[in-house]
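A.B. asks: When you get a sec, could you build the whole thing from the sequences and use the hints?
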Amino acid sequence: MKEYTKELNITVKVNGREYHESVPANMTLLQFLRNKLLLTGTKEGCGIGECGACTVVMNGKTVTSCLVLAAEADGAEIRTIEGEAKGEKLTALQESFIKYHGEQCGFCTPGMIMSAQNLLDRNPKPTREEIVEAISGNLCRCTGYEPIIKAIEAVAEKGNR
Amino acid sequence: MIKPVAYFKPGSLKEAVEALQTENAWPLAGGTDLLVNMRNGVEHPDLLVDIKGLEELNVFEVDGKIIIGGNINLNFIIDDARLRKVCPVLGQSALTVATYQLRNRATLVGNICNASPAADMAPALYVMEAEVVVSGPQGERHVPINEFITGVKKTSLKKGEVVLRVEIPNPKVGKTAFLKKQRYRGHDLATVNVAGIANPDTGTLRVCIGACAVTPVLLKGTDELYKSIKDVDELADKVSELALQSISPIDDVRSSAEYRRDMTAVYVKRLVRTICS
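These protein sequence lines map, in sequence, to chains A and P. Numbering (this note's numbering) for the first sequence: 1 to 161. Numbering (this note's numbering) for the second sequence: 1 to 277.
Source of the hints: derived by calculation from the structure; they are not laboratory data. Glycine included, C-beta positions come from ideal geometry on N, C-alpha and C. Just so you know, not all the hints are guaranteed correct.
Quick partial rundown of chain A residues pointing at chain P, CB under 7 Å, derived from the structure [stated by the list, open to error]: (1) Y4; (2) N26; (3) G45; (4) I48; (5) T55; (6) K61; (7) T62; (8) V63; (9) T64; (10) A71; (11) A134; (12) S136; (13) G137; (14) R141.
C.D. replies: The following block contains the structure:
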């Protein structure tokens, strides 16, 4: 009988940099990013895919990284909040979040930015309805969403990035 | 935390079926139900067999019959323009499942394998007379969707078997709709969900109700009502009466049984009016 392993070697590209790591099979992508790579910008909220705080972009698609195993990310390209700003230079969307007060406590913000940026990347001129649907998997308990929607709308009007 | 578990990503179906025959092995596709259940201590697999590398599960065809492989996620179903034209009810149903990020992972096949009575993809598949194609140690078999889902979180899948795809042999069959009652606007599981199809040329009316019994309930005797009653409001009333005789809802966290009965009547009538006029 074949032996199946609980520890795996994976290769993952995160924000353009390649990592080769050994991970336990029960480690989530979120734990991998935060605990192995020390990229703690991505947050854990609910841990069961309902709040969207852990949203990252995997191979061009947003996913809740708490419901992806690190093992499943072998060979994947991941984008996290750490890859958005270039040094001190924020993206247009990040600037817009500041201008419109799109964050208060800030806990949902990394996931919110990843969902919103992913929307703008696939649809540079989204309607309000499309914005609401795109961030519907990202819960925010502070803002009431209006400032966030306004921040995304402002970028959509002016052009992305 | 997810408990220690082994992980294997087979490159061939043969390897997958072999791995799935080991003690307490589970197939892993989108993982949006399984990983939540593992984290919550509801399921304790010893081996996860990641089936996302299997070519056989990546199939997607719309010409002639519809074929949806086990790895096809719900956003793909929503976004595909050809499918939206040929069988809009699948995309309509998919759009009500969870959130955008989860739908990038969650698969149609996973939704029916999870076999929740409230599964939002199930009613549409019942009225479209879908077949589930299963592969296992004894080879391949086709199972009608209403025989595939056998109870709450129960399917007719046997040890070592994996679902390859869902097929809809005859998709061009009439006007369809999917309606869902949930507690609030936004993303929620169904209190009641209904799907239907009506074809005046063949005299076919099929209506399926979810979240109101241990499995989705496909109504029997709707064709006769459809052929004999011409007034759509009267037809809606009669189908709704039939629905109330056929379901057996329970009280749970989302709704009382009484409210489910009331909403079933409302939603079935609304559905019949939508697809029959």
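A.B. asks: Now tell me if each hint is right for this structure.
C.D. replies: Outcome of the hint check:
1. Y4: Constraint on Y4 of chain A satisfied, holds at 4 Å.
2. N26: 4 Å, holds
3. G45: Hint on G45 of chain A: violated, closest Cβ of chain P at ~13 Å, above 7 Å.
4. I48: At about 5 Å, which falls below the 7 Å cut-off, the nearest Cβ of chain P leaves the hint on I48 of chain A intact, so it holds.
5. T55: Hint on T55 of chain A: holds, closest Cβ of chain P at ~6 Å, below 7 Å.
6. K61: This hint holds: K61 of chain A lies near chain P, its Cβ roughly 4 Å from the closest one there, short of 7 Å.
7. T62: Since the shortest Cβ distance to chain P is 5 Å, the answer is holds.
8. V63: Where the cut-off is 7 Å and the nearest Cβ of chain P is about 6 Å from V63 of chain A, the hint holds.
9. T64: 5 Å, holds
10. A71: Because about 5 Å separates A71 of chain A from the closest Cβ in chain P, which is inside the 7 Å limit, the hint holds.
11. A134: Holds. Min distance 6 Å.
12. S136: 6 Å, holds
13. G137: 3 Å, holds
14. R141: Because about 14 Å separates R141 of chain A from the closest Cβ in chain P, which is outside the 7 Å limit, the hint is violated.
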